[in-house]
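Q: Read off the chains here:
Protein chains: 2
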Amino acid sequence: MIVISERINGLFKSVGKAIDGRDANAIQQLALDQVKKGADILDLNTGPGMDNEPEVMEWLVKTIQDVTDVQLSIDTPKPEAMEAGLKAVNKKAMLNSTTAEQKRMEALFPLAKEYDAEIVCLTLDEKGIPNDAMRRNELAMLMITQAMEYDISVENIYLDPLILPVGAAQNQGPAVIEAINMFKMLSDPTPKTVVGLSNISNGAKQRSLLNRTYLAMLMGAGLTAAIMDPNDLDLMHIAKTGDILLNKKLYAHDYLQV
Amino acid sequence: MIVISERINGLFKSVGKAIDGRDANAIQQLALDQVKKGADILDLNTGPGMDNEPEVMEWLVKTIQDVTDVQLSIDTPKPEAMEAGLKAVNKKAMLNSTTAEQKRMEALFPLAKEYDAEIVCLTLDEKGIPNDAMRRNELAMLMITQAMEYDISVENIYLDPLILPVGAAQNQGPAVIEAINMFKMLSDPTPKTVVGLSNISNGAKQRSLLNRTYLAMLMGAGLTAAIMDPNDLDLMHIAKTGDILLNKKLYAHDYLQV
Chain A
20 MIVISERING
30 LFKSVGKAID
40 GRDANAIQQL
50 ALDQVKKGAD
60 ILDLNTGPGM
70 DNEPEVMEWL
80 VKTIQDVTDV
90 QLSIDTPKPE
100 AMEAGLKAVN
110 KKAMLNSTTA
120 EQKRMEALFP
130 LAKEYDAEIV
140 CLTLDEKGIP
150 NDAMRRNELA
160 MLMITQAMEY
170 DISVENIYLD
180 PLILPVGAAQ
190 NQGPAVIEAI
200 NMFKMLSDPT
210 PKTVVGLSNI
220 SNGAKQRSLL
230 NRTYLAMLMG
240 AGLTAAIMDP
250 NDLDLMHIAK
260 TGDILLNKKL
270 YAHDYLQV
Chain B
20 MIVISERING
30 LFKSVGKAID
40 GRDANAIQQL
50 ALDQVKKGAD
60 ILDLNTGPGM
70 DNEPEVMEWL
80 VKTIQDVTDV
90 QLSIDTPKPE
100 AMEAGLKAVN
110 KKAMLNSTTA
120 EQKRMEALFP
130 LAKEYDAEIV
140 CLTLDEKGIP
150 NDAMRRNELA
160 MLMITQAMEY
170 DISVENIYLD
180 PLILPVGAAQ
190 NQGPAVIEAI
200 NMFKMLSDPT
210 PKTVVGLSNI
220 SNGAKQRSLL
230 NRTYLAMLMG
240 AGLTAAIMDP
250 NDLDLMHIAK
260 TGDILLNKKL
270 YAHDYLQV
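Sequence order for the protein chains is A and B.
Numbers given in this note's numbering equal positions in the first sequence, counted from 1, plus 19.
Numbers given in this note's numbering equal positions in the second sequence, counted from 1, plus 19.
These are calculated hints, taken from the structure and not from any lab test.
Note that the structure is a prediction, hence the values are computed from the model and not measured.
The reader is advised that the hints may include incorrect statements.
The list makes no distinction among identical chains, and a pair is therefore deemed to hold if it is satisfied within one copy or across any two copies.
Unchecked claim - In silico EDC-like cross-links for lysine to aspartate or glutamate, where the CA-CA straight-line distance does not exceed 20 Å:
| id | residue 1 | residue 2 |
| --- | --- | --- |
| 1 | LYS224 | ASP253 |
| 2 | LYS268 | GLU197 |
| 3 | LYS268 | GLU168 |
Given the sequences, and given the hints that come with them, work out the whole structure.
A: Have a look at this one:
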């Protein structure tokens, strides 16, 4: 299970403040803390409505790279900010994200190819988010096919079936699990998959319980990675335990401590 | 998610003592407590090595039926004890269990038919427990086919892929998830499935965490029922949350209290 930390996001008040004040120390401490808590990748999001997003993204990347070698994910809807982030990254990056919209694929697949970056592919198109697994699977197939035309290898693709809040679209819970199962059949080797886990509990009361139950369900279906909160220790324990139960890490009595 | 309580089992010291002393009050309180904690079915097991097991099983059934209408599962390897339990039950019973061994199927399928009982079918045969999902699926198919020859409807069958302890047979964790997925294809309507959940953590340190992570994974794959411990509140919360995430029960902010 690849844990992608969602915490370096300008939407969080303290992070937004650190970004606005270019407080390198605060950002670096946050980054190191996420890695210590088990993050394999840090998702970097400047927060919404920033005028100078390319410059801010570059600053975020460089600031964090100064203190850790962990993989970085450039999370922005703006291609210019994405490219600024990619230029600054000195190792393999992740792009978060393209959709199946033609314009976005045409803008982002060339970037992913040029920088040999991994790319998150959201199963939504001009018509919005599909409400069943089958249509999600069709969009996944479309994105893989288009990516291949740009000579992007399937190993660099992370399919994201788009989790919706259980309180708002409850029937999408099983649909996303089914989609993860379907995606496994799309190619050999199987395409990687990722979700923005916390979406499931958006607006709900039992956020951590919903997040961790759903994470286990998705891991059982074959999920590769989740954008999630490494500060949630119960959730991190489920992730570790899932890897044990799926025989991906060797069982030992003290596996939680490893 | 159907919760089958594993607690009325002579293996537990206090329960064994209550059975030996024919302490009806203690057994009845235990039964009511399990129902209150969310058990949909009570699994009744006298414990091992009992000379007069048929008489004890009959006493257990009658004692519990005096105070609750909850469904009962007659859990014993001995056909005579099973029949004694079945005769005493005044509603639909569950038989736990047959295997794919010819002798057991020949002894137990006629009983299940005669009493119109549900029957747990363990995927093991004369050669033991298979070590992959495919062979479990073959044995499941064999049992369904044989049951049909006894005119038992598939609605009365619970397939059990047999969980093994993660510390002893770690590669069987994913195999059982895969088996649950495979079983869904065996018939229409899909056959019901059940597991003895606590087996996964037998001998392990983080028992509750392993149990609840695995339960969520199996629910995501389509598990119908689990023999488990309703005393474990964290585990019961996962079961309830799983039903919400699978859209089987309607989400409400206070769904844990319902």
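Q: At most 20 Å between C-alpha atoms: does LYS268 with GLU197 qualify within a copy, between copies, both, or neither?
A: between (25 Å within a copy, 18 Å between copies)
Q: Given identical chains, is LYS268 near GLU168, meaning Cα to Cα at most 20 Å, within a copy, between copies, both, or neither?
A: neither (35 Å within a copy, 44 Å between copies)
Q: At 20 Å max between alpha carbons, let me know whether LYS224 reaches ASP253 within a copy, between copies, both or neither.
A: Both: 16 Å inside a chain and 16 Å across chains, each within 20 Å.
In terms of the numbered hints stated before, the structure departs from hint 3 and from no other.
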